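Numbering (the numbering used here), first residue to last: 1 to 366.
Since the hints were derived computationally from the structure, they do not count as laboratory data. Computed from a predicted structure; not experimentally measured. Hints should not be assumed to be uniformly reliable.
To be verified - Result set (SDA-like, lysine to any residue): computed pairs, CA atoms no more than 25 Å apart in a straight line:
#1 252 x 229
#2 167 x 208
#3 252 x 215
#4 42 x 84
#5 167 x 148
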Amino acid sequence: MLGLLARFRDEISDGYVLGPVRVAVGALLGWHALVAAEELAKIGYFGDVFHLPIIPDALVPSPRLYAVVLAARLCLAMMVAIGIWARPALGASALLGLWCLLADRNQFHHNRYSLFCYAFLLAFTPCDRSWRVTMGDVLVPRRGPFWAVRLAQVQVSIIYLASGGSKLLDPDWRDGLVLGDRIARHAHLAVKAGVPAKLVDVLARPDIASATAKLAIMTELVICVALWLGPTRVVALWWGLWFHVTIQATSKVEAFSVLALALYGVFVTPDHRARTLRFDPSRFWGRLAGTIVPALDWFARFAVEPWEPDEKGGHSVVVIRRDGRRATGVPAFAMMTRCLPLLFPLWAPVALLASFTKRGDLTTGG
C-alpha cells in the first residue's frame, strides 16, 4: 500500500494533453460567471430575495462585493483559457465559485460544483505547459506531477457511480417514469435543438422510456469502471460521448455534458507525438491529411511529416502506430478518428469497417 501511494505521489508525465482540458474548463468557468452576471443585472442581487446561505450571514458577500467577485471570476476564467497564470487562476476561480454556492444554496447545481472541484484539481497539474497565448522566452518542461490528474479521473468515475447507483436504487428511475417525464417536459427544447419531433415522441413512450432508463443506468455504471481499463477505455469514451450528446440534446442540464466530455481529456494517454503520420504531398488525400491532422490534433498525438511521392506503393497516407506497425487506407483513417477529438464520434463505425478490410490504401486514386 505504501508503495502504491508513493507511485501515486511521485508520478511524472507529459502535461501537453491537459492544455485543451484547461481551455475548456476556463471557457465553462467564464460562461457560468457570465450567466451569474446576467442574472445580477436582470433580476438583481440574490440576497435581496429568498436565498439559502450555507455559510453564516456575515460571510455572504454584499451586493457590491458580489459584483466584484463576478468580475474577478470573469477575468480569472480568461486567464485560465489563454494560459496566463493559469494554475493560480484555476485555484482562485474554484474558491470564488464555491464561495458563491455556499452563499446561496439556490445557485447550487451538481455540474457547477463539479466544475469548481475539477478546476481546483487542475490547479495542481502541469496544465499550463501547452495551449498558451505566449510560450515565453524560456521553454518550460512539459512534464509534471500527475497525482491531481488521477484524482480528477477518480472524480469522473465517482460521478458516474453516484449517478448510476442512485438511479439503480430508485424504482421510478428503473421503470422509466422519471426519464419519460423529463423527456416530455423538455421535448420542446429537444425539437428546438434539431431532434426530430417523432423521435422525441417515441422516446417518451413508457416502454421505450423504461428500456432507455435501464440502458442509461447500465451505461453510467459500466463507464465508471471501463475508463480505467486499457482495452475498454476508448470504447467507454466513444459510448460516453454519444451518451452525453443525447443527454444535452434531450434534457435541460446546463453545461453538464460539455463538462463531462471536456474531462474525458484527463484519460488521454500522455504520450506526446508517439505516432507518426506520413503523407504524400503530391496527392490530394495526402495534402488534405497533412493540413487537417495538425489543425485537429489538439492532444499532439501525431508527428506529421511529408515524404517522397510513393508512386509504386500508391499510398497517400501512412500512419505509424506507437508499436511501429503501419496502417494505410481505412485503418489509417480509423487511427485518425481515434486520436483527433472532432473526428472521434466517427471512430467506432470506421474502426468496424477497417476490421473488414485487407491491408491496403483506398486513397490510391487521390
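Going down the list of hints, with the structure as the test:
no. : hint      : in the structure
1   : 252 x 229 : 31 Å, violated
2   : 167 x 208 : 17 Å, holds
3   : 252 x 215 : 19 Å, holds
4   : 42 x 84   : 31 Å, violated
5   : 167 x 148 : 29 Å, violated
Consistency note: the structure conflicts with the earlier hints numbered 1, 4, 5.
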